[in-house]
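Going down the list, the protein sequences come from chains F and C. Under our numbering, the residues of the first sequence are numbered 11 to 353, in order. Under our numbering, the residues of the second sequence are numbered -5 to 355, in order.
Hints may contain errors.
Calculated pairs, SDA-like style, for lysine to any residue (alpha carbon to alpha carbon, straight line, at most 25 Å) [stated by the list, open to error]:
#: 1; chain 1: C; residue 1: 280; chain 2: C; residue 2: 341
#: 2; chain 1: F; residue 1: 349; chain 2: C; residue 2: 220
#: 3; chain 1: F; residue 1: 174; chain 2: F; residue 2: 158
#: 4; chain 1: F; residue 1: 312; chain 2: C; residue 2: 33
#: 5; chain 1: C; residue 1: 332; chain 2: C; residue 2: 109
#: 6; chain 1: C; residue 1: 280; chain 2: F; residue 2: 234
#: 7; chain 1: F; residue 1: 311; chain 2: C; residue 2: 255
#: 8; chain 1: F; residue 1: 346; chain 2: F; residue 2: 34
#: 9; chain 1: F; residue 1: 349; chain 2: F; residue 2: 339
#: 10; chain 1: F; residue 1: 239; chain 2: F; residue 2: 346
#: 11; chain 1: F; residue 1: 161; chain 2: C; residue 2: 307
#: 12; chain 1: C; residue 1: 332; chain 2: F; residue 2: 241
#: 13; chain 1: C; residue 1: 304; chain 2: C; residue 2: 20
#: 14; chain 1: F; residue 1: 161; chain 2: C; residue 2: 312
#: 15; chain 1: F; residue 1: 174; chain 2: F; residue 2: 151
#: 16; chain 1: F; residue 1: 213; chain 2: F; residue 2: 188
#: 17; chain 1: C; residue 1: 330; chain 2: F; residue 2: 238
#: 18; chain 1: C; residue 1: 282; chain 2: C; residue 2: 10
#: 19; chain 1: F; residue 1: 350; chain 2: F; residue 2: 27
#: 20; chain 1: C; residue 1: 282; chain 2: C; residue 2: 217
#: 21; chain 1: F; residue 1: 239; chain 2: F; residue 2: 328
#: 22; chain 1: F; residue 1: 349; chain 2: C; residue 2: 212
#: 23; chain 1: C; residue 1: 133; chain 2: F; residue 2: 320
#: 24; chain 1: F; residue 1: 161; chain 2: C; residue 2: 306
#: 25; chain 1: F; residue 1: 239; chain 2: C; residue 2: 10
#: 26; chain 1: F; residue 1: 346; chain 2: C; residue 2: 127
#: 27; chain 1: C; residue 1: 94; chain 2: F; residue 2: 352
#: 28; chain 1: C; residue 1: 304; chain 2: F; residue 2: 151
#: 29; chain 1: F; residue 1: 352; chain 2: C; residue 2: 255
#: 30; chain 1: F; residue 1: 239; chain 2: C; residue 2: 127
#: 31; chain 1: F; residue 1: 239; chain 2: C; residue 2: 75
#: 32; chain 1: F; residue 1: 239; chain 2: C; residue 2: 217
#: 33; chain 1: F; residue 1: 346; chain 2: F; residue 2: 35
#: 34; chain 1: C; residue 1: 335; chain 2: F; residue 2: 133
#: 35; chain 1: F; residue 1: 349; chain 2: F; residue 2: 291
#: 36; chain 1: C; residue 1: 304; chain 2: F; residue 2: 159
#: 37; chain 1: F; residue 1: 213; chain 2: F; residue 2: 234
#: 38; chain 1: C; residue 1: 332; chain 2: F; residue 2: 346
By construction, these hints were calculated from the structure, which means they are not laboratory data.
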Amino acid sequence: MKMNNAKNREPLTDTQLLMSITIVIFVVMYLIAMIFLGGGFLHAQQIFDMLNDNASLIIVSCGLTIVMIGGGIDISVGAVTSLVVMSCVLYLNNGGNILVSIFLAVGIGLAFGLVQGFLISYLEIQPFIVTLAGMFFARGMTTILSVNPQKADHEGFAKLRDAKIEINALGYTAKNGNLVPARMELGVVVALACVVLIFILLKYLRLGRNFYAMGGNQQSALMLGINVKRTRFLSYILSGLLSGISGYVFMLHTGAGNATNAAGMEMNAIASSIIGGTLLTGGVGNVAGTFFGTLTLTTIKKIVVSSGLNDPWWQSITTGGMLCFFILLQSVVLSKRSKKKKQ
Amino acid sequence: MKKNNTKFLAGGLGQLTIPLVAIALLVIFNLIRDPGFFSIGIMHNNAGNIVLAGNLISIINGASELAILAMGMTMVTAACGGQDISVGAAAAIAGSVFVKVLKSADSIGGGTVIGAFLLACIVAMLFGTFNGILVAVFKIQPMIATLILYTCGRSIAYWINGGATPTVESPIINAIGSFIPGIPIPTPVLIVVVMGILFKLLFHFTSLELFTQSVGINGSAARLNGINSTFIKLLSFIILGVCVAVSGSIGVSRLGLINHETLLLDIEMDTILAVAIGGNNLGGGKFKIGGSIIGAYVIQMLTITLYAMKVSSTDVKAYKAIVIILLVVIGSPVVKEKFGKFMSKMLENRKKVSVKGAEES
């Protein structure tokens, strides 16, 4: 990519620059962890574990990235995920069908996307307030459905939950000489598919480019003949849809519904998007960056734990510190670039 | 003339339409449901003081922290065009510092409490400055800048007291949290009144209100007019820091202990909501602190009403969300415009009927 740019003498866009910074930092951080901490970091399974644990976070962050590129915000995603998990578990426990449960998950997500999108784009209410109300509503509905944790005991679902993709080539030999293959859950496949599809959407399809145009400058987007209201509507629908999918993936991972599921996920998703180079002001961002942002966030947590800092406050303090570092870095880099442009 | 008419129907009382309508609706609803809902009784509390009691008092008392935070948040919203989502975490830090100082003293006297409060204020102001520098100097969006403190604030509070939830026993702390002997009004309410008066005096004797509005409406234009917009933004965060320290200390005094996990939990969302219900534009610019205070009371009244209707505390959120959506839909500019048009059409139709005029295409 850099070679291409050098040939065409085309400078990196803000999006590409911020994304490459994230990827470089992620790789460097992971290499440092491999060299100094060793242990689990040397096995490919570590990366797969990170993906297994965070598949739903990745999906949610993708949706949030779309909304943030369009210049909005959606803080209902975590709560919707939790609601989807709870309702699907209850539905399956009452003798439901797996196919229908998937439709249920997607349907709940879509419903939230539709209502929030309509209120935000056509009634012009501030997105923060609407999605905040959405968050309250979804959290409240989750506890109305069931205050107690519910475990899914559906046979077909158990098979689906335990299905894992095993890759022998990336496995490692355990102490007793058995080959332990690298395991990947089905949710990860869904998450990766979402990342790829949204990457294509944002990069090559008209709708994706419209998101950037709308987030960059709403007035000029309107002048260019983009239907801004509909585009914004669609961005929230996509985000809601992805929250629904994320809920199903979350359920595949945990297999149980709990009112405190996915607590604080919205803020983790926002943090992932920011670390991945998406600006809340809109117009700049990339899902590939978001994907690496999620991994960076997880890696730092893993590093903290394996460095022996087990006290519960360390994880969030280091996360906060890293967030601070990335935010400052982006601010400095972008302000330097804009100064250069002016000259 | 016609335009004025439409504007009047659409706008009504201007910025304060939504909060006042909301309060009126809630009051009417409660009166229909239970005519005795707002009765105020006089009773003796455990300490033997004569105090006021009743739903109305508990609404006004319970909303104190929220109202104080909403005042500060209005300033930040107006100046920076964004919200501080770290107020809950910062209040936990301030509360922890407050308790830490009280615990380290041999005996808790009036001086110790004031000292502890001042230290909590300074710490909260420092964290406010940190947020303010990120927003004003580095030009980071407020929500993102405060996400840092939101993420790690409660952990810092945890660390200050070494993970414990210490309790403080003192008549002075009790007096701050509930009632001063001899005064029947809850002390937090008095503190809200004092804070409100302080803000009023601040706006009366300085040009801060005008400066904040102009920075919020157009920062660079304000700068060209000689207003130091960086400083105004920073100042708004420092003022919010003071509000955070006050509400954190009230929260601690109410319970007599600091629990870093649950102290003023999720209050940041309620605070922003109070500012929005108060009719302030979350994008910055013109503001009315009074609106935000009324907004805080609307939220608390809603919560108490739901509790009175035997809704469990975990389920309250869902009903709250529906009411919020209804309120913002009524207040949204598009709906207002549509409603205004509809009303003027109705008036026109009525005229037509009386004049028996020709049809309009």
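Okay, the hints, checked on the actual structure:
1. C:280 x C:341: violated, 32 Å
2. F:349 x C:220: holds, 23 Å
3. F:174 x F:158: Cα-Cα ~29 Å, so violated.
4. F:312 x C:33: Not OK: residue 312 of chain F and residue 33 of chain C at ~57 Å, beyond 25 Å, violated.
5. C:332 x C:109: violated, 56 Å
6. C:280 x F:234: Cα-Cα ~31 Å, so violated.
7. F:311 x C:255: Given that 25 Å is the threshold and the Cα spacing comes to 20 Å, the pair holds.
8. F:346 x F:34: holds, 20 Å
9. F:349 x F:339: holds, 15 Å
10. F:239 x F:346: violated, 33 Å
11. F:161 x C:307: Given that 25 Å is the threshold and the Cα spacing comes to 24 Å, the pair holds.
12. C:332 x F:241: holds, 22 Å
13. C:304 x C:20: Given pair residue 304 of chain C, residue 20 of chain C holds - Cα atoms ~16 Å apart, limit 25 Å.
14. F:161 x C:312: Roughly 23 Å separates the two Cα atoms, so the pair holds.
15. F:174 x F:151: violated, 32 Å
16. F:213 x F:188: violated, 44 Å
17. C:330 x F:238: OK: residue 330 of chain C and residue 238 of chain F at ~21 Å, within 25 Å.
18. C:282 x C:10: holds, 9 Å
19. F:350 x F:27: Satisfied, since the Cα-Cα distance of roughly 15 Å is no more than 25 Å.
20. C:282 x C:217: Distance ~23 Å between residue 282 of chain C and residue 217 of chain C Cα, so the pair holds.
21. F:239 x F:328: Given pair residue 239 of chain F, residue 328 of chain F is violated - Cα atoms ~39 Å apart, limit 25 Å.
22. F:349 x C:212: Given pair residue 349 of chain F, residue 212 of chain C holds - Cα atoms ~21 Å apart, limit 25 Å.
23. C:133 x F:320: violated, 35 Å
24. F:161 x C:306: holds, 23 Å
25. F:239 x C:10: With Cα atoms ~28 Å apart, residue 239 of chain F and residue 10 of chain C exceed 25 Å; violated.
26. F:346 x C:127: holds, 18 Å
27. C:94 x F:352: Violated, at roughly 51 Å.
28. C:304 x F:151: Holds: residue 304 of chain C and residue 151 of chain F sit about 16 Å apart, inside 25 Å.
29. F:352 x C:255: violated, 47 Å
30. F:239 x C:127: With Cα atoms ~35 Å apart, residue 239 of chain F and residue 127 of chain C exceed 25 Å; violated.
31. F:239 x C:75: holds, 22 Å
32. F:239 x C:217: violated, 33 Å
33. F:346 x F:35: Between residue 346 of chain F and residue 35 of chain F the Cα gap is close to 20 Å, so the pair holds against 25 Å.
34. C:335 x F:133: holds, 15 Å
35. F:349 x F:291: holds, 18 Å
36. C:304 x F:159: The hint holds at about 23 Å.
37. F:213 x F:234: holds, 19 Å
38. C:332 x F:346: With Cα atoms ~46 Å apart, residue 332 of chain C and residue 346 of chain F exceed 25 Å; violated.
Consistency note: the structure conflicts with the earlier hints numbered 1, 3, 4, 5, 6, 10, 15, 16, 21, 23, 25, 27, 29, 30, 32, 38.
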